[in-house]
Structure formats: C-alpha cells, structure tokens
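J.: Sequence:
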Amino acid sequence: MFALVDCNNFFVSCERVFRPDITGKPAIVMSNNDGCVIARSEEAKAIGIKMGDPIFKCKPLLDAFNVHIFSANFSLYGDFSKRITSLLSETTNDIELYSIDESFLRFFEVPAPFQSYTALGQSIYDTILRCTGIPVSVGFGPTKTLAKLASQLAKKNKTPSFDLTKYPIDTILKTVDTQDIWGIGRRFKSRLDKLGIHTAFQLKNASEGMIKQALNLPGLQTQLELRGIPCHNLDTQEKPSKSIISSRSFGKPISAIEDLKGALASNITLAAEKLRKQGLTTSTLFVFIKTNKAHDDYMKQSIVVNLPSPTDSTQRLVGLALSGLEKIYKKNTTYTKSGVMLFNLAHQDSLQYSLFTHDLTKEEHEKRLMTAVDLINQKLGKNMVGLARTKGKIRPWESKQNKLSPSYTTEWSDIPNVKC
DNA sequence: TCTGGGGTCCTAGGACCC
DNA sequence: TCTGGGGTCCTAGGACCC
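The first sequence begins at 888 in our numbering and counts up by one.
Rather than coming from a laboratory, the hints here were simulated on the basis of the structure.
One thing to keep in mind: the hints can contain errors.
Stated by the list, open to error - Only pairs whose alpha carbons sit at most 27 Å apart, straight line, appear in this in silico DSS-like list of lysine-lysine: (1) K1129 / K932; (2) K1254 / K1287; (3) K1045 / K1139; (4) K1269 / K1139; (5) K1254 / K1266; (6) K1148 / K1218; (7) K1177 / K1278; (8) K1306 / K1278; (9) K1148 / K1042; (10) K1139 / K1061; (11) K932 / K1045; (12) K1139 / K1217; (13) K1254 / K1148; (14) K1164 / K1266; (15) K1278 / K1217; (16) K932 / K946; (17) K1045 / K912; (18) K1187 / K1177; (19) K1043 / K1076; (20) K1164 / K1099; (21) K1161 / K1177; (22) K946 / K969; (23) K1164 / K1129; (24) K1164 / K1180; (25) K1148 / K1287; (26) K1287 / K937.
Claimed, not checked - If you anchor each label on the Cβ, the simulated ranges turn out as follows: (27) G1072 / K1290: 44 to 52 Å; (28) Q1188 / K1139: 13 to 21 Å; (29) P1303 / T1248: 47 to 55 Å; (30) F952 / L1262: 42 to 50 Å; (31) L1256 / N1044: 51 to 59 Å.
Where a beta carbon is used, it is the ideal one built from N, C-alpha and C, also for glycine.
Required output: the full structure, derived from the provided sequences and hints.
T.: Listed below in structure tokens is the structure:
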C-alpha cells in the first residue's frame, strides 16, 4: 500500500502558523519578485483567485476581499518541510520525499496498533497538526497514482484520511476528470480528449496500444497504475542532482551590462552554494538573459561555457559567466531576468583533472576560501560575505519582496517574542 | 507599469561503431 | 528486382511534476 501525505495549501498554512489572526480569512503567497499567485487559502480559492495568476490582474479581487498577501519565504517553508519529514520518519523508513509539501510512504501491512489504514492516516494528520500546525491530507492506494488520487479525494471530502481500496474504485474513477490524474498535463489531456477519453475510468479501460501511441511510455504507465499495477517505485534514496539552476526575475528591468553582471554574480553565488552543499563540482556552465516573456518582442540570449577543469568555486564560475555574458549581451535591450544552469555535475572525490592546466596550489586555495565563506554565512546569516559585485548599494536586479514575513524558525533575530 | 523558479524523464533522429 | 543487422552515444525538443 502506498500513502501520499500532502500538506494543505502548504505555503499559506506555514504563514498562518505564526499569524493565527488570519485563520479563516483569505490569504495568498506570491512567487519570487511578487509576480504571481503560487499558493491560496481555501477562502482565496473560493473567491476565484487562480493559481499562477499575475498579481496585477487579480488586484481588484485581492482588494475587494481584503486578502492577506505574503511574499514567498522559502527558508520558512523549507524548515517546516523538514520538521514534517522527521515526524513521518517516526511512522516508517519507507519514505520518499517527493516535493517540499508531499511525501510518499509504503506499507506491507497495517502497522500496529492501528486497525486500518484510515486510522493510521488520521493519526498522521493529528501528529503533524499538533507538532507543526500544518494540516495534511493522507491518501492510500495500491499505486502511487492511486494514492495521489486518494489524497485529492480526502481534500475534496474534507476528511484527513482516505483509503481508496475501501470504495468501489470504478465508481470513483468515473467521477475523475483525466486532467486531475497525476501524470496527465495539458497536452496529454487534449490528446485524450481527441480520443474521446475524458474520465479516469475511460483511460483505465482504453486499449494499451492506443494509449502507448498517443502518450508514449509515461502515459501507458499512468494507465497501468490506474489499474492497480505499480509502475513507479518508491525512491527512498536522495539522489545527487543532475543539474542545478539559479535564476531570478529582476525587481526592475535592466539594460546596463554592469547591472546584469551583478545579477549574474548573485545567480552564481546561489548556484555554487547549492553545488558545494551537495559536495559536487560542475564542468559545464549555461548562462542566460531574457526580456519580458509576456511581451511580443520576447528575446533570450544564452551561452554554454565548458570549463577546462571541474570546479565548485564561486569566484571562478563568476569569472567565466561574466565573460560569457559579454558575448551575448545586446545594448539597448530591456532585460527582466537572468540565470545560470550547472551541468555535468560530479562528486568532488571522483574528479578528472585536466592534464595540462591543473594547478593544485590554486585549487587548494580556492577550496579553503569557499569553505570559510560558507562557514561564515552559515553562522552569521545569509550572504554575510560575498563578492563585491553582488553588494553594490543600488541593486536594481534584486527581486521585489515587499510582503516578506520573518524567518521565524531559521534566523535568531526573527524568533517571535511571546508575552505571558 | 506589473506575469516564478527548479527539476526529471522520454523519444526521435543523427552520428558513429562492428 | 534485389541494397544487412545490431548496437551505443549524444542532443534537442517535448512532456510532465511541484
């Protein structure tokens, strides 16, 4: 049996833990740069605010209903996620961290002392709510796809726990639209529509050959999972990243190359930190700059930089990125976003050095510098030390975060005071 | 005026090998 | 008239997820 534990309105729920005054009131969380809606409370959904809507478009609704608005605070959400994971590990070690707000669990029998999976789910709900303040929905099913569906049904039926195997499956699948199935996105939905397949029940019973032809292997696997045949295993191991991306929209549009350099240096700083945290190095750097995607004259420029030898040094990567930038930069262009991607990631201990350009002394020096920088920032706060280029007094590239809540659980200075 | 960020997997086609 | 068979690796693009 698979279980999916899904946090309800996760980002909004995290904000509410420290703002009990907004319980029962409409609230949303915005994406980086305060651009669009990425999380909504039930009340916000009810008044018609859509996922992914640009803020300026739903401004009238937000004002009219006095909606509480938050900038994304990922250090807060990440910390809650960790706490929830650690609570789940008390139930079983057979656990896969699927996303920041979802985990899959696997059971071979109902664990003692519970009488049923439904009761187990209720207990998971109670524990997580009591210890963290976050409400979750727990769904049970014989495959991941069905467990995921079960957790959606739990939400729909306003119950903490839902065991799909306790109900006549086909009756339920007849009520499920194909686009609500995990693995069926917009494109697949429209292809299925053309085949006359609109419900989960129809997809389950369609001919395998037809589905394979229309949706390829991933679609076929989804079909089999609906039939109760597991195609997706539980990934309990945390795998090292294959790529690392760091990109940000600018607080204000930028044209000057000096400003772009500052933005790019910040992107690299973040990406290289992620790299070192996993003990990885990169040997391929991808740099991109973009204009506004929503405009007709949308443009993007990019360049691939292959490194002579693998590195995890912020300094070295910034140097390479900036010379790449000079090659792609166009004058008199209004850029709104920059970013970097790191590829060909390898573990530090299995490095393949270049025969000719390898300079051990220099590498040792860089390594010690980066270790010191990471340590200081970890101890004294984010970005306490960094490259001068990212530290200018005016940083027009810096994302808007006008409604940022405190980092209640991850910064000493932000811990709430309680008076009693 | 104003529209996020970070990932993975699969497939088809091309290039190459014997 | 008839033009082999089997394989790997790489890349770009498309699809999905949160």
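J.: A separate judgement is required for each hint: does it hold in the structure or not?
T.: Evaluation of the provided hints:
| no. | hint | verdict |
| --- | --- | --- |
| 1 | K1129 / K932 | violated (36 Å) |
| 2 | K1254 / K1287 | violated (33 Å) |
| 3 | K1045 / K1139 | violated (42 Å) |
| 4 | K1269 / K1139 | holds (23 Å) |
| 5 | K1254 / K1266 | holds (18 Å) |
| 6 | K1148 / K1218 | holds (14 Å) |
| 7 | K1177 / K1278 | holds (22 Å) |
| 8 | K1306 / K1278 | violated (37 Å) |
| 9 | K1148 / K1042 | violated (46 Å) |
| 10 | K1139 / K1061 | violated (49 Å) |
| 11 | K932 / K1045 | holds (15 Å) |
| 12 | K1139 / K1217 | holds (18 Å) |
| 13 | K1254 / K1148 | holds (23 Å) |
| 14 | K1164 / K1266 | holds (15 Å) |
| 15 | K1278 / K1217 | holds (24 Å) |
| 16 | K932 / K946 | holds (14 Å) |
| 17 | K1045 / K912 | holds (18 Å) |
| 18 | K1187 / K1177 | holds (4 Å) |
| 19 | K1043 / K1076 | holds (21 Å) |
| 20 | K1164 / K1099 | violated (40 Å) |
| 21 | K1161 / K1177 | holds (23 Å) |
| 22 | K946 / K969 | violated (33 Å) |
| 23 | K1164 / K1129 | holds (14 Å) |
| 24 | K1164 / K1180 | violated (32 Å) |
| 25 | K1148 / K1287 | holds (19 Å) |
| 26 | K1287 / K937 | holds (21 Å) |
| 27 | G1072 / K1290: 44 to 52 Å | violated (30 Å) |
| 28 | Q1188 / K1139: 13 to 21 Å | holds (19 Å) |
| 29 | P1303 / T1248: 47 to 55 Å | holds (49 Å) |
| 30 | F952 / L1262: 42 to 50 Å | holds (47 Å) |
| 31 | L1256 / N1044: 51 to 59 Å | holds (56 Å) |
The structure does not agree with the numbered hints 1, 2, 3, 8, 9, 10, 20, 22, 24, 27 stated previously, though it agrees with the rest.
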